[in-house]
Structures are given as structure tokens and as C-alpha cells.
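Novice: Here's the letter readout for the chains.
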Amino acid sequence: MRKLFLATTAAMALAAGFASAEEVKMGVALGFTGPLESLSPPMANGAELAAKEISDSGKFMDGSTVTTIRADTTCIDASAATAAAERLVTSDRVAGIMGAMCSGATGAVLQNVAIPNGVVMISPSATSPALSTVEDNGYFFRTAPSDARQGVIMAENILDRGIETVAITYTNNDYGKGLADSFAEAYAEKGGTVTINTAHEDGKADYSAEIGSLSSAGGDALVVVGYVDQGGKGIVRAALDSGAFETFVFPDGMISEVLESDFGDEIEGSFGQKPGNESDGLGMFVKLAEEAGFDGNEIFAPESYDAMALMLLAMHSAGSTKADDYKGKIMDIANAPGEKILPGELGKALEILSDGGEVDYQGASAVEFIDPGESAGNYIEMEMKDGKLVTIGVR
Amino acid sequence: MDLLNAIVALSNFVLVPAIAYGSQLALGALGVTLIYGILRFSNFAHGDTMAFGTMATILFTWWFQSLGISFGPLPTALLALPLGILGCMAIVLLTDRGIYRFYREQKAKPVILVIVSMGVMFIMNGLVRVIIGPDDQNFADGDRFIITAREFREMTGLREGLALKSTQGITVITAVIVVALLFWFLNRTRTGKSMRAYSDNEDLALLSGINPERVVMITWLIVAALATVAGVLYGLDKSFKPFVYFQLLLPIFASAIVGGLGSPVGAIAGGFIIAFSEVTITYAWKKVLTYLLPEAWQPDGLVQLMSTDYKFAVSFVILLIVLLVKPTGLFKGKSV
Chain A
1 MRKLFLATTA
11 AMALAAGFAS
21 AEEVKMGVAL
31 GFTGPLESLS
41 PPMANGAELA
51 AKEISDSGKF
61 MDGSTVTTIR
71 ADTTCIDASA
81 ATAAAERLVT
91 SDRVAGIMGA
101 MCSGATGAVL
111 QNVAIPNGVV
121 MISPSATSPA
131 LSTVEDNGYF
141 FRTAPSDARQ
151 GVIMAENILD
161 RGIETVAITY
171 TNNDYGKGLA
181 DSFAEAYAEK
191 GGTVTINTAH
201 EDGKADYSAE
211 IGSLSSAGGD
221 ALVVVGYVDQ
231 GGKGIVRAAL
241 DSGAFETFVF
251 PDGMISEVLE
261 SDFGDEIEGS
271 FGQKPGNESD
281 GLGMFVKLAE
291 EAGFDGNEIF
301 APESYDAMAL
311 MLLAMHSAGS
321 TKADDYKGKI
331 MDIANAPGEK
341 ILPGELGKAL
351 EILSDGGEVD
361 YQGASAVEFI
371 DPGESAGNYI
381 EMEMKDGKLV
391 TIGVR
Chain B
1 MDLLNAIVAL
11 SNFVLVPAIA
21 YGSQLALGAL
31 GVTLIYGILR
41 FSNFAHGDTM
51 AFGTMATILF
61 TWWFQSLGIS
71 FGPLPTALLA
81 LPLGILGCMA
91 IVLLTDRGIY
101 RFYREQKAKP
111 VILVIVSMGV
121 MFIMNGLVRV
131 IIGPDDQNFA
141 DGDRFIITAR
151 EFREMTGLRE
161 GLALKSTQGI
171 TVITAVIVVA
181 LLFWFLNRTR
191 TGKSMRAYSD
201 NEDLALLSGI
211 NPERVVMITW
221 LIVAALATVA
231 GVLYGLDKSF
241 KPFVYFQLLL
251 PIFASAIVGG
261 LGSPVGAIAG
271 GFIIAFSEVT
281 ITYAWKKVLT
291 YLLPEAWQPD
301 GLVQLMSTDY
311 KFAVSFVILL
321 IVLLVKPTGL
331 FKGKSV
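Taken in order, these protein sequences are the chains called A and B.
Residue 335 in the UniProt record's numbering sits at position 335 of the first sequence, and the numbers go up by one each step.
Residue 70 in the UniProt record's numbering sits at position 70 of the second sequence, and the numbers go up by one each step.
Misleading hints may appear alongside valid ones.
Label-pair distances were calculated between CB atoms; the ranges are [as the list claims (entries may be wrong)]:
| no. | chain 1 | residue 1 | chain 2 | residue 2 | range |
| --- | --- | --- | --- | --- | --- |
| 1 | A | G162 | B | V176 | 46 to 56 Å |
| 2 | B | A296 | A | E189 | 28 to 38 Å |
| 3 | B | V303 | A | T90 | 52 to 62 Å |
| 4 | B | A296 | A | A130 | 40 to 50 Å |
| 5 | A | E268 | B | G301 | 29 to 39 Å |
Here are some chain B residues the structure puts well away from chain A; computed CB gaps all over 12 Å [as the list claims (entries may be wrong)]:
| no. | residue |
| --- | --- |
| 6 | L162 |
| 7 | G192 |
| 8 | V216 |
None of these hints come from the bench; they were simulated from the model.
Since this is a predicted model, take the numbers as computed values, not measurements.
By construction, the Cβ of each residue, glycine as well, lies at the ideal position given by its N, Cα and C atoms.
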């Protein structure tokens with residue numbers, strides 16, 4: 001059936017003289033300014049690497065080329081995110097959007113732009129549990145797992161180390177509150193005690209008051225659900241300086257090289273986790289990234305590569321850049337059965353799809369989609385050892 | 001022993017941080033209050049003036065560090081501070097010549113000057129980001145601690161530690177020196193007296209032969225010095241990030257207004273009131289009470305008046321109460 005469909009579309013395309021190559025535009029909508037501005041460049045580079053690889057292969061949709069257009073979703077300003085995405089769709093006429101970055105901005109773009117205009121978007125990094133249940137008409141996917149899952153993983157990680165009481169501080173937004181609550185629930189269920197679960201505001205002048213309360217509540221470790229560029233860092237600094245806590249637990253928003261450069265061995269033995277895996281794919285992606293001149297180990301860079309690759313492969317498989325034609329193909333491409341595809345093998349994937357075969361896209365982050373179109377969720381456990389963030393294993 | 005533990009815990013998490021933060025706010029509020037007293041407008045560009053002065057100091061600090069100059073156990077930034085102040089003075093005089101003087105000559109209303117200062121704020125904001133970027137810059141070097149919490153615990157055998165950062169010590173000492181110098185200048189020197197005269201009654205001061213342009217220039221120079229010192233101390237203690245300096249404007253204005261705009265003593269008192277209210281009112285007393293009370297009475301909860309989310313609300317409630325009860329502020333500044 002599938003072959004027949006492909007054959008007919010190919011025949012129709014030939015008949016209509018459609019074989020001529022076209023330029024496919026893809027949006028890269030990330031928070032280039034705002035609280036996560038330091039994480040955005042490697043993510044954009046990851047997505048653009050995939051686009052370039054597919055474009056340069058010459059096999060994409062009869063030799064079509066792919067160009068990417070960046071848009072700034074600012075992470076915190078929903079109206080700015082909506083305006084930026086609106087521009088991508090209405091003025092640049094992109095065929096799909098790789099983004100958005102933060103959960104709040106992603107929800108806004110999805111509701112205001114993607115669904116009304118019928119554009120597919122794949123977010124590499126929006127992790128709010130709320131996005132799992134949103135009515136998306138099949139236009140929304142994410143290569144990042146829901147934080148409901150991260151909360152459970154983090155709780156297990158902490159209890160496995162014998163730490164039974166923790167204090168939690170979270171950044172006061174969708175991401176912080178969602179993850180802190182899902183973690184607190186999972187941790188308490190598994191027998192841990194949360195002494196305090198309180199918010200901090202980003203970009204504030206002084207965090208002594210927050211540290212005073214956290215320290216008073218006590219706990220063997222401090223779980224910092226925040227951003228490493230923002231309040232999260234201020235909290236860790238103040239907690240270290242006053243000797244309130246010595247061990248910290250870092251979820252994905254905090255895992256960054258900044259921890260090494262700013263704290264180093266001061267936070268020896270602190271640990272955390274970020275979405276990802278240790279598959280062959282990651283290594284290959286890091287190598288590709290190195291050749292392209294950026295660090296592929298940066299958080300969400302692999303997921304960005306995968307998000308872009310998935311969309312383009314789905315378009316190729318459907319033989320169309322129309323969202324309604326290719327949105328149904330994304331799950332097929334991401335999951336078994338089919339030939340496993342790793343980073344750097346996108347050309348091969350295009351060939352297989354052209355020949356009517358099936359692929360099981362693994363990519364850089366071992367993509368495995370579950371309903372409703374989100375990553376099942378592997379996490380890399382990291383720990384600070386001798387002032388460096390090292391990988392402990394995969395959960 | 002328990003009493004000592006309670007005192008140490010309270011000092012470590014409330015007194016020491018609040019005193020350091022209060023000094024930083026006080027220095028910032030002094031600058032705001034001087035501008036208000038003499039130039040008669042609320043200078044919204046003050047936070048970004050601080051950022052600019054700090055940025056200049058950081059650039060000189062990096063230059064010194066590359067030359068291998070250091071200040072022993074003290075941060076190199078203190079050596080670079082005078083140069084940073086000069087840089088800040090230059091930009092502040094430039095904005096006065098280029099922008100504020102035009103409106104002064106027109107005898108523009110204070111509210112117009114406030115809006116003008118917002119324009120200056122955005123320009124400086126951009127300038128700092130263009131030169132040094134929007135990212136965090138850590139420029140503190142030298143010894144980080146006078147005593148760490150762990151050393152204190154080992155030394156005294158107490159369960160609670162008292163950490164004293166060298167930047168906190170430097171902040172308080174520098175603030176005391178700067179404030180003493182400022183008050184000596186305002187009360188004892190001829191120029192200082194002419195500034196106060198100009199502030200009290202502009203027309204009378206002009207009649208008695210005080211040169212207004214000179215008073216204005218000296219005010220800007222002092223404000224630039226205060227802003228740079230406040231900014232550098234804050235940056236050394238926490239870290240330098242342009243956006244955070246912009247945000248500092250709020251607590252600084254709250255301090256100046258609570259103390260009474262135009263009153264230098266008020267600015268200092270206001271700085272400490274705001275800092276202490278932010279830290280103490282939202283403090284969870286559980287730890288302290290656990291040491292003080294007999295076991296049977298020890299609290300299970302956090303004994304926290306309100307969550308730390310409300311710490312800004314607290315300082316602004318204080319601000320509102322002061323304005324309702326004493327519109328001129330605690331120390332009889334000019335009415336807002």
C-alpha cells in the first residue's frame with residue numbers, strides 16, 4: 001500500500017513536472033535572548049547541522065535544498081515568542097518549526113501559531129508535563145521527555161545515594177514548578193522527606209533570604225530546579241558561601257559547563273541528570289559537531305539535531321512539505337521497525353525512504369517516541385568529580 | 001552552647017548577609033538621594049550608571065591581571081576602582097553636558113527629567129551590553145573568605161558555622177569610609193556647604209554667588225564615584241550581570257524613599273531597613289528556635305511568617321506605610 005502510494009505520488013510528481021528542486025525553509029525558534037541564552041547557540045547549531053547534512057546530500061526531495069531561519073522566542077515572553085513564530089510562518093513561510101525552547105513559550109507558540117496555521121513543530125527542550133495533554137491536532141512533538149519522568153528519575157537517583165531528606169528551591173515558572181512538584185511527589189512516595197519546597201525569582205539582587213529559609217528547613221542536599229544562567233547560580237553561590245549546603249542536585253536546566261568554570265571543586269560530589277543517552281549516536285553526533293565547530297555535548301544540542309532531522313525525513317517520506325501530509329509520518333520514522341539511523345547517516349535514510357523502505361530513526365539522542373509524540377526519556381546521570389562534570393551512567 | 005549556636009546561625013544567615021547587602025543598597029541610595037536633593041529629579045539611570053562604572057572597573061581589573069598586578073589577598077578590582085570611577089565620571093559628565101544641561105536651561109519640570117533619565121538608562125543599558133556583553137562576569141580574585149563556615153565550626157566546636165566572606169568585610173569597611181568621607185565633605189568643606197545651600201534653596205544660593213554649574217558638576221562626580229563603588233562592591237560580593245544591576249534600581253529607590261529622598265542619613269538608614277526587611281521577615285525561624293526552646297516545644301513547621309516569594313512585597317509594604325504616615329520619609333527628605 002505504502003509502495004503503491006509512493007509510486008503514485010512519484011508518478012504524479014513526474015507528470016506534473018514537480019521533479020524540479022525547491023528550497024525548503026525551516027524555522028529554528030529558540031530563546032536566543034533571555035534566561036537560557038547561553039544554551040541556545042549549541043542547540044541552533046545542532047538543528048542547522050542536520051538541515052545542512054540533508055541539504056548537502058542532494059537526495060532530499062529530488063535535490064531540494066534546506067535553509068534554516070532563526071527566530072528568538074526569548075523563553076520568558078510568550079507574546080514575543082508568538083510574534084517571532086508568526087513571522088516564521090506567515091512571512092518566511094517555513095515548512096516546519098524546530099522549537100520552541102522553554103515550556104511556556106512552546107505552549108504559546110503551539111496554541112497561537114502552530115495549530116491555527118497548521119504547522120508542525122518539534123521542540124527539543126520543552127519538558128513541562130502539561131504539554132503531554134494539550135490538544136495539538138497532531139502538530140506537536142518533542143524530542144525531550146516530560147518532566148514527570150525526570151522527577152521520578154531524580155528521586156531514584158537521590159535515594160540510591162542514601163540521601164533521605166532534601167530541600168527544594170525552584171525557579172518561579174512553568175518549568176520550575178512542574179518539575180519541583182513532580183519530583184517532590186515521587187520522592188515522598190519512595191520514602192524521602194522534602195523539608196521545604198519554595199520558589200526563587202530569577203535575576204534578583206540577593207538570595208540571602210531564600211538561603212536562610214532553606215538552611216533553616218535543613219536537608220542533606222539542596223535540589224536546585226533553576227537555570228544556571230540565572231537565579232539557580234545565585235542560589236548555589238549563596239548556599240556555598242554561607243555553608244548552608246554542600247551537596248546539590250541539578251536537573252537539566254542546571255547541567256552546564258558553567259558549573260565547572262564557576263564552582264569547580266566547591267561542589268564536589270554534587271550530582272544531577274540531563275535528558276540524553278550514551279548510545280553510539282551521541283558519540284557520532286559529538287564528532288560531527290566538533291567538525292562543525294561546536295560542542296555537541298551541550299544540553300539539548302543532540303535533541304535539536306534529531307528534531308530537525310525527524311521533520312525533514314518525514315517530509316521526504318511523505319513527498320510533501322505540507323504539514324498535514326507529513327505530520328503522520330513522524331512517529332513511523334522515529335520508531336521501529338526499520339533500519340536504524342544514526343547521526344551522519346541521514347543521506348542513507350533518505351535513500352532508504354526513496355526506495356520505499358522503512359527507517360527507525362535513532363539519531364543523537366536514541367529517539368523513541370511514545371504517545372502523544374514525545375520522547376520516552378533516557379537520562380544521563382552526571383556528577384562533579386575533581387571539579388569536572390562526568391557521566392556516571394544512563395537511567 | 002545552644003544559645004551560642006542560635007546566635008551563630010542567626011548571624012550567618014540573617015545579620016551578616018543583611019549588613020553587607022544593606023551597605024550596598026545604602027551606597028546606591030546615597031547616589032539617588034544626592035541627585036534628587038541637588039538636581040531635583042529621580043535618576044532612573046542610576047542602576048545602569050552603577051553597571052557602567054563596574055564594567056569600567058572590570059575592564060581595568062582584567063588589564064591589571066594580564067600585567068600580573070595583584071593586590072595580595074585583596075581583590076585586584078580595588079586597585080582598578082579609582083580608574084573605574086574616572087571612567088564613570090567621564091560618561092556621567094558627558095550625559096550631563098549632552099542631555100541634562102539642555103533640560104536644565106529650559107527649566108524643565110522634574111517629571112520631564114525623570115523621563116529623560118529613563119532614556120539615558122536604556123542607552124547606558126545598551127552601551128554596557130555592547131561593550132562587555134549580557135553575560136555574568138566574575139571578577140573577584142584574592143582570598144574569598146575571611147573565615148569559612150567549616151573552619152569556624154572546627155575552631156569553635158559549635159554545630160553551626162559562621163562564614164565571613166572577604167567581600168562582605170570589604171563592603172562594610174569601604175562603605176563606612178566612603179560615607180565618612182561624604183559627610184565630611186558635605187559638612188566641613190566650602191564646596192560641600194555650597195552644595196547643601198543649593199539643595200536647600202536654589203534661589204538664595206544663586207544670590208549668594210554660588211556657581212550652579214559647578215555644584216551640578218561636583219554632584220555628578222560624587223554620584224559617579226558612589227555608583228561605581230556600590231556597583232563594584234556588589235559585583236565582588238555576588239557577580240556582575242547588567243540585567244541584575246538594572247533590577248537593583250527597585251530596592252535602591254525603595255531605600256532612598258523610605259529614608260527620605262534628599263537626605264543622606266536617610267539613604268543609609270533606608271538601605272539597611274530594606275535589606276533587613278527582605279531577609280528577616282521571610283526568615284524561617286525553625287533552626288534558631290530548635291536551639292533555644294526545650295525539646296518539648298520545638299517546632300515541627302518552619303516558623304516562617306511568610307514565604308520568601310513575598311520578600312519584595314514586604315519592602316514595598318514598608319515603603320507604602322512610610323509614605324502614608326510620613327510622606328517625607330523617615331529622615332525628613334523632600335516630599336516626593
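Novice: With reference to the structure, classify each hint as holding or not holding.
Specialist: Taking the hints in turn, this is what the structure says about them:
1. A:G162 to B:V176: 46 to 56 Å: 47 Å, holds
2. B:A296 to A:E189: 28 to 38 Å: 32 Å Cβ-Cβ, so the 28 to 38 Å window holds.
3. B:V303 to A:T90: 52 to 62 Å: Holds: the Cβ-Cβ distance is about 55 Å, inside 52 to 62 Å.
4. B:A296 to A:A130: 40 to 50 Å: Holds: the Cβ-Cβ distance is about 45 Å, inside 40 to 50 Å.
5. A:E268 to B:G301: 29 to 39 Å: 33 Å, holds
6. L162: 8 Å, violated
7. G192: Holds, because the least Cβ-Cβ distance between B:G192 and chain A comes to about 30 Å, which exceeds 12 Å.
8. V216: At roughly 29 Å from the nearest Cβ of chain A, B:V216 sits farther out than 12 Å, so the non-interface label holds.
Of the numbered hints given earlier, the model fails hint 6 alone.
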